[in-house]
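2 protein chains.
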Amino acid sequence: MIDIRPVANTIGKLVVTLGAAMSLPMLVDYAHDDPNWKSFLESGILCAVIGSLIVFATRSNEKSLNLQQAFLLTNGLWIVLPLFGALPFFLGAPHVGFTDAFFESMSGLSTTGTTAFPSLDTLPKGTHLWRGQLQWLGGLGIIVVAMIFLPVMKVGGMQFFRSEGFDTLGKILPRAFDIARETTLVYVFITVACAVTFIMLGMNGFDAVFHALTTCSTGGFSNYDASFGAYPGAPQLAASFFTILAALPFIRMVQLVRGDAMPLFEDVQVRAFLRWLFYAIAVIVLYRLVWLGAENPFHVMRETVFNVVTLTAGSGFGTGDVTQWGSFPFAILIMMGMIGGCTGSTTCSIKVFRYLVLFKAVRAQIRRMHSPHRVFPVMLEGRPLDREVVGSVMAYFTTFMLSFGLLIVALALTGLHPRTALTGAWATIANIGPIWGPEVSANGAVDQFPTASKWLMVIGMFLGRLEVLSVLVVLHPRFWRQ
Amino acid sequence: MIDIRPVANTIGKLVVTLGAAMSLPMLVDYAHDDPNWKSFLESGILCAVIGSLIVFATRSNEKSLNLQQAFLLTNGLWIVLPLFGALPFFLGAPHVGFTDAFFESMSGLSTTGTTAFPSLDTLPKGTHLWRGQLQWLGGLGIIVVAMIFLPVMKVGGMQFFRSEGFDTLGKILPRAFDIARETTLVYVFITVACAVTFIMLGMNGFDAVFHALTTCSTGGFSNYDASFGAYPGAPQLAASFFTILAALPFIRMVQLVRGDAMPLFEDVQVRAFLRWLFYAIAVIVLYRLVWLGAENPFHVMRETVFNVVTLTAGSGFGTGDVTQWGSFPFAILIMMGMIGGCTGSTTCSIKVFRYLVLFKAVRAQIRRMHSPHRVFPVMLEGRPLDREVVGSVMAYFTTFMLSFGLLIVALALTGLHPRTALTGAWATIANIGPIWGPEVSANGAVDQFPTASKWLMVIGMFLGRLEVLSVLVVLHPRFWRQ
Ligand SMILES: [K+]
Ligand SMILES: [K+]
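Chain order of the listed sequences is A and B. If you count by this note's numbering, then the first sequence holds residues 70 to 551, one letter each, in order. If you count by this note's numbering, then the second sequence holds residues 70 to 551, one letter each, in order.
Extracted from the complex, chain A is given alone in its bound form:
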C-alpha cells in the first residue's frame, strides 16, 4: 500500500495557502464596496478549515516522497486545488453552477485560459483578480513540478534534465525548497516588471496587475470580453516580450540572475524556440503583406507577433479573429500551438525540447535505414541522448496525439460542431485557450457548451497540464499494487 499521508499533508498545506491567497480579492472587493467580498471570506475560511484538518489528520515523520507518492502528489494537486479554487465562483459572482465554477478554476490553475463566463466586463474586480491569481499560482506550480518531480518521474524524456535537478528521490524535499525559492523570486520579478511595464504603457493599475499575472503564467485569462484587444498598442508588444520570457526554462533564468547568462543563450531549446517563432512570424507577415496585400505593415507586424507568440507559448490572448487572416496563417497558428514553449517554463503542449529529440531520433532512424551497419548516436546539447530518453519522448508524443484524437471524438460525441471539437480539444489538451466554432460565445466563452463537453475539456486540461503520461501511470492498476 502507498502511504498517502505525506501526499495529503502537502496538498492540505497548499489548500490553506490557497485560502490565504483569497484575502487579496476579498480586500479588493471590500475596497470597492462590492458585497462580493463575503464570498472570498467564506471560501477562504472553508479552505483554511478543511486544509488544516487534512494537514492535522495526516501528520507523519516521513519528510521525503517516494516515486509513487510523487505521482500521486502531482495528480492530486491539480484535482484538489481546482476544487477549492472554484469556491468563490460558486459562492460569489458570477454565481455559476459547479461545472462552470470548476471549469474556470481548472482553466486557471492549468493555465489554459478558456473561460466559462460569457460576460467578463460586468464581473467584480475581486473575481477577476482571483482568476488571475489562479493562473499565476498554477504557472508557479508547474515550473516547480517540472523542475523537481517530472525528471524523477521520467515523464516524456524529462529524465534528460535530471542532472540539473535531483538524482536521488530522498533528497527531493530539502533541495526542492532552494529551487522553489529561487524560481519563485525570478517569477515574481518578471511579473512585477511586466506589471510596471504595462502601467508605463498606459494601462490602469488593476488591469496591469491582472494582465501581468495571466501573461507571465502564459495563462491568457483576460478581464475584458475583447481580451487583449482592449489594449491594441504597445502593451501587446510588451505582452509578447514577457510571454517569451515566461516560455523560457526558468532554471536558465535563475542562472542568469546568479550572473551567468551563457547557459540561457547557449541553450539549444531556447535558440530553437526563438528561431521557430521568428520563422512563423516572418512567413505570416510576408503572406499577409505580399499575398493578401494588407496595408499598414506596422499594424500587421504587431498583430502577427502578438498572436504567434501568445498562441505558440500558449497564453492564447486574442486580438480580433485570426481566422480572418486566411487558411494559411490559421493553419500555422494551430501547428505552432502544438509546439508550445521550453521545458521547465509555464508553457504546456508538446514543447520544443521534445521536438528536438524527435527530429534527432527520426534523422538517426533514416540514417540507420540506409546504412544499417553503422551506429549513429543521437546527440543533444553535445550530450548523447540515451535510448531511454528517446523512447520516452516518442511514447509521450504518441500518447499525446492519441489522446488528442480521442478527445476530438469524445467532444464530437457531445454534439459539438467538428470545428469546435477540433479546436476545443486543441485549446484544452495543449492548454492554449481560444476555441473557434459556432457554439462559442462572443467573448470566446464555453458557457453554451453541453455540460459533458465542459467536463471532457476539464479532463483535457488536466491531461495536458500533467503531460498525459503522469496521469496514465496513476490510472494503471499495477501502480496501486506495489
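A hint or two may mislead.
Listed next, the stretches of chain B that the computed footprint assigns to chain A, with coverage defined by at least 3 CB atoms under 8 Å from CB atoms of chain A [said to hold, decoys possible]:
{"hint": "1", "stretch": "390-402"}
{"hint": "2", "stretch": "436-447"}
Facing chain B, according to a computed beta carbon distance under 7 Å, are these residues of chain A, among others [as the list claims (entries may be wrong)]:
{"hint": "3", "residue": "I119"}
{"hint": "4", "residue": "F397"}
{"hint": "5", "residue": "Q434"}
{"hint": "6", "residue": "L541"}
For the record, the hints were derived by calculation from the structure and aren't laboratory data. Quick reminder that beta carbons are idealized off the backbone N, C-alpha and C, glycines included.
Please arrange chain B with the ligands on chain A, whose structure you already have, making use of the hints.
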C-alpha cells in the same frame, strides 16, 4: 556511386508491362466504336518504345539489388509509372492538362481514389477501365513491395515481418518471383470472386469488373459521379466484405490457400482490425439509431458498415454525405481512416500493426515509469519486439504525423479552406480518397483546386503510399554519397 542500371531496368520492364495493359481499354473503346481507342494505342506504343529503350540501355549481369537500389526502385516505381499511366488521360478523354492527368494516374497507382475529373458519367468506358486497372496494378505493386522490400528496408518497423519474407538481400530477386506469383494468384482470385458476386447482385458486367478492380485494391475510384451510391443495395455489403479481405495480410491468405487457415485467424493484427471495425460500426449504429432516432435500422446498418469499412481500409467509396450523420460519427470515421488496414495488404495509412506496437510500447513505458527497476519486455504475437522495431515504428508515427501537419499547412498556403486543407491532407497522405470542403466538385473531384494544391496532394499520395520514411531516406544527402 549507386549503380542505377538494375533499378532502371526493372522500371523499364514495368513500363512495357503498363503499355501492354493499355490494350485492354483500347479493345473496350474499339468495341464500343469510341474513337478514344486511339489514345490507348498511342500511349501503349509510347510505353513500349520508351520502356524497351530503358531496358535495352540498362542491361547488366547484376540480378540482385542492394539496399540503396531497393530504395531507389521503390521510389522510382511510383514516380515513373504514374507518368506513363497518365498518358491516356492526356492524349485521350477527358483531354485534361498534365497536372490533372498525372494527379489521376498517381491517385490510381497509389490507390488513393481522389479523382481530378468532374464529370465521370460522360467518360468513355476505356478511360474508366484504365482508371480501374491503375488502381488494381498499384494495389498489386504495394503488396509485393510491402512483402519483399519494406522489411529489408526496415520502414517503420517492417523488419518485424522479415522472418516471414527474406533475410538476405542477395536472395531477393529469385524468391521475389515465388511470392509475387502466389500473391498475384490470390489477388486475382479475390478480384474475380468480387466481380462475379457483383454481377450476381445485379450489376452490369462492366460496372462489376470496374468496381471489383477498385474494391480489391482498396482504391475507391468509381465510374459514376454518385460513386457507390449508384448501387445502394446488397452490392455495398459485398463491397464491404471484399474490402475487408483486401485489407488483410496477403501472406496469410497465401497460407490459407495452401490449406493452413490458422495463421489468418490467429494473427493478432487481423483480430485487432476486425475488432476495431466492429466497435466503430456498433458505436455509430447505436448513435444514429438511439441518439439521433434514425429510422430504418437495416438501412442505417448497411450504410454504416459500408462507410466505416471503406474509410478505415481506405478505399473511400462514398454513399451520400457522411457529414450529415453528425460530428461524432464523422470524427470517428476520420480517426478510423488514420488506422488503415493490416500490413502486407493493399491498404495505406498507419496500419493496425503499428498501433499495436505503439500501444504495447506506451504501456511498457508507463510500467517503467512507476517501476523503474523492473524490466518489461514488449511482446507481440508471443515474440519479443526488439527496441529497434519499437523505435522504428515510433519514428514512423512521428514522421507521419509531422508530414500530415506540414501538408495541412502547405495546402492552406495554396488558399484552400481549412476544412479542405485538413481533409485533403488526410485523404491523400493516408491514401483514402474523399475530401470535404467548399472547393470540392459535386462528384468529389478536385478539378477546381489550385494547381499548387493538386501537386501538394500528389506529393501527399506519394509519401503516404511509400510510408513516408522510404522517401525521406532517398532525400537524405548521405544516401547518395555511399
Ligand atoms: K493558456
Ligand atoms: K483509397
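Consistency of the hints with the structure:
1. 390-402: Since 7 is at least three, the answer is holds.
2. 436-447: holds (count 6)
3. I119: violated (29 Å)
4. F397: holds (4 Å)
5. Q434: At 4 Å from the nearest chain B Cβ, Q434 (chain A) passes the 7 Å test, so the hint holds.
6. L541: holds (5 Å)
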